[in-house]
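Undergrad: Line by line, the protein sequences are chains A and B.
Per our numbering, residue 1 is the first one in the first sequence, and the count goes up by one each step.
Per our numbering, residue 1 is the first one in the second sequence, and the count goes up by one each step.
It should be emphasised that the hints constitute simulated quantities derived from the structure, not laboratory data.
None of the hints are false.
Covered stretches of chain A, going by a simulated chain B footprint (3 or more residues, C-beta under 8 Å):
# : region
1 : 45-52
2 : 97-106
With beta-carbon atoms standing in for the labels, derived distance ranges:
# : chain 1 : residue 1 : chain 2 : residue 2 : range
3 : B       : VAL113    : A       : ASN64     : 42 to 48 Å
4 : A       : TYR39     : B       : ASN53     : 32 to 38 Å
5 : A       : ILE56     : B       : ASP54     : 32 to 38 Å
6 : A       : LEU107    : B       : THR111    : 30 to 36 Å
7 : B       : PRO39     : A       : PHE14     : 24 to 30 Å
8 : B       : GLU15     : A       : HIS50     : 39 to 45 Å
9 : A       : ILE56     : B       : ASN18     : 39 to 45 Å
Glycine included, each C-beta is placed from N, C-alpha and C at the ideal position.
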Amino acid sequence: AQRVTQPEKLLSVFKGAPVELKCNYSYSGSPELFWYVQYSRQRLQLLLRHISRESIKGFTADLNKGETSFHLKKPFAQEEDSAMYYCALSSYGQNFVFGPGTRLSVLP
Amino acid sequence: DGGITQSPKYLFRKEGQNVTLSCEQNLNHDAMYWYRQDPGQGLRLIYYSQIVNDFQKGDIAEGYSVSREKKESFPLTVTSAQKNPTAFYLCASSPSGAGRWAFFGQGTRLTVV
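Looking at chain B on its own, in the form it has when it is part of the complex:
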């Protein structure tokens, strides 16, 4: 069953702790993306990667870090430097080239207490 999987679905962390969100895809897509979804603000791009071992900052990268060591995986670390980390995080992937579109995971809701 092809798709993109995010885990866990819900995550709770204490303030000041780093936390890593998992995103795995078996669609053989080259590109992967992390978005943050907040009410009234839509989806804002955190990081994206067009190819293995390469990634670029999005609009709100501060306080986040990523890695892309494998084509299938694009984990996102929310560091203690992120001032407002409580949010819904969406991972997506897409093939490269024209005519592509993004496939989304089910999201991870992170709550920092």
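Isolated chain A (complex conformation):
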């Protein structure tokens, strides 16, 4: 069965500190991995996906198939990064499975 876990419900860091939001998944095939972000009073939106290998708003994520992980990283956190972050998994033709989410709070 497909499953996504995010071990931290809440992560608090100070502005300028590095951030790492953890995501692990279980899936037997070749999944596509995503990070979604939900800012206060805004809709859930795509942040980045592993197949595009891009950096969005300073965030990057590398798919580690050996460890079945897709951790989200940013070297220097900003206050505007405070939001709810969801890791998600999908496979061809199937639905999207989301983790429980991690609330990131960046303190001034």
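Start from chain A and add chain B according to the hints.
TA: Just chain B now, kept in the frame of chain A:
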């Protein structure tokens, strides 16, 4: 302006009444999804539809029903059989094929009193 629209934003209903949440998209996406978002539980899939006139149950379909008569529309009915209907409901759509990702509506907060 392309997008996915959910209405209404807030909905109040009395216990025992059925209620239908609207979801419309003009992105020409084949697939549509309904999720329920509860604090600490993330998004849980209720129903999804990969094509018109076809849909499948998700992980928590009990007490819910859907229809997909048109490509643009995927309404969700919360029936009186749903034991804990008060929640935030999210609709999403995606194109078919590899490399796709889900676009979300702004959500409907349903409160049953």
